[in-house]
Amino acid sequence: MYTLSVGRASKNVALIQAYSVFGVLRALDTFTQLAVRSADDRSASDKTGIFLPHMPISIDDWPQFAHRGLMLDTARSFIPVDDLLRTLDAMSAVKMNVFHWHVVDSQSFPIKSEKLPELWKSGAYGPDMVYSAEDVRRIVDYGRKRGIRVIPEFDTPGHTFAWGLAYPELSVCANRQPNWQTLDPTNPNTYALLGQLFAEQAKWFPDASFHMGGDEVNLHCYTDTPRINAYMQSRGLSPTELVRRYMNRVVDILANEGKTVTAWEESVLEYGLRPNSSIQVQVWKGAKNVADVVRLGYQVIASPADRWYLDCGRGEWINNAHGEKSWCDPYKDWRVVYTYDPLENLTLSRHPGSGPADHTVPLSHHPLVAGGEVALWSEQTDSANLDTQLWPRAAAAAEVLWSGRRDVVGHERTTREALPRLMALRRRLQARHIRVDPIQMLWCELNPQQCEQHE
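For the sequence shown, my numbering assigns the number 1120 to the initial residue and increments by one for each residue that follows.
A couple of the hints might just be wrong.
For lysine-lysine, the following DSS-like pairs were computed, each having C-alpha atoms within a straight-line distance of at most 27 Å [what the hints assert, rightly or not]:
# : residue 1 : residue 2
1 : Lys1264   : Lys1240
2 : Lys1444   : Lys1407
3 : Lys1234   : Lys1130
Pair ranges (Cβ atoms, derived) [to be verified]:
# : residue 1 : residue 2 : range
4 : Ser1124   : Trp1436   : 21 to 29 Å
5 : Gly1391   : Thr1534   : 46 to 54 Å
6 : Ser1241   : His1339   : 19 to 27 Å
7 : His1484   : Pro1539   : 51 to 59 Å
8 : His1484   : Trp1562   : 36 to 44 Å
9 : Ala1318   : Arg1127   : 51 to 59 Å
In case anyone wonders, no lab produced these hints; they're calculated from the structure.
All of these numbers come straight from a predicted model, not from anything done at the bench.
We put the beta carbon where it would ideally sit given N, CA and C, even for glycine.
Work out the full structure, taking the sequences as your base and the hints as a guide.
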């Protein structure tokens, strides 16, 4: 929370008050939004061509959601450090505060572990496509100075083909699609490996949160592997129960490192994970699932693929698909992103227990909805198009997460109101060397009345 006043005490004085340095940082980002460059330099008293209209200005501001994030996959395509730092710059400019780093996946293991070097020597795309301890330290520190937490994700037990290149004895179903290989939950050495890796990475990534993954586990893999099937039958376990046991072990390993766990929604909605410790659950399969997780009493991070997956709509990346759509088509333009409310399926009774459904009202907040993240998977993204895939669509989500979908009097914010803000933001990000996709041609900015669709 911060307050910002400009030109109230004195014409040339701006005053910021905040409880922390990060509040000051957010206030400075807001201050840059107030400055306007005039085509007529005479509009600016200092002859720079920059002035502040509508003075005096007084702003009291605070975020609607505590968790305002962006998830980026660096396993399908390696993203160099400088590109990640530039992404953090853009995130800070739009008041995002969580970089969810999906570090590894089936296709590559780009973390240069010092305790377990075979993981990256066998699993990375190449020795120049890895992140060293110094790289991670630099990224974490860069984010911290901009008020951004860096939370790593090491997705298991599925999506682990690259792990199996180094430790084939701990993996099963190496060539089984979908979701390409899983770790063996019946082998004690699997947990020893995870313990060593997570002990190291807990130090590399000092944030209190750690994402354990847990999505898209191929349960048929366990029933089709004779020794694992025999293990389950001898203990009366179903594949779902086996995965749940595995996840409980991983939660305990991370808890021993002082970490609070985040997991994808399948962990609680499909595999029945009910850990003793606290856990955040990230929803991706659909916006309606936010309410399902809330009913279980877990804190939610909303990332529904039908609204906030930014990689969708570019066609199938598999060769010879011949015009087939991607699994999450269509493309999510900025309006689709902007009109999603993480609270949209949640209601609160005005008088709990008093009766009819029409007494329920839309929520402006919910204690179990921490916030949300836009997600960019990198099957078709690398340095060449990273910025334009993210921006300005991620900024549309950032406004929702900071300001909420409704204003202070409860009116739903419209895309018509948001458009000029995004157009202005594009110019500010471009000034920071961010390559931002255009959302309208310049003609529309100069002649907005000519670019309106009338009912």
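Here is how each hint holds up against the structure:
no.	hint	result
1	Lys1264 x Lys1240	32 Å, violated
2	Lys1444 x Lys1407	23 Å, holds
3	Lys1234 x Lys1130	59 Å, violated
4	Ser1124 x Trp1436: 21 to 29 Å	51 Å, violated
5	Gly1391 x Thr1534: 46 to 54 Å	40 Å, violated
6	Ser1241 x His1339: 19 to 27 Å	26 Å, holds
7	His1484 x Pro1539: 51 to 59 Å	27 Å, violated
8	His1484 x Trp1562: 36 to 44 Å	40 Å, holds
9	Ala1318 x Arg1127: 51 to 59 Å	53 Å, holds
When held up to the earlier numbered hints, the structure conflicts with 1, 3, 4, 5, 7 and fits the remainder.
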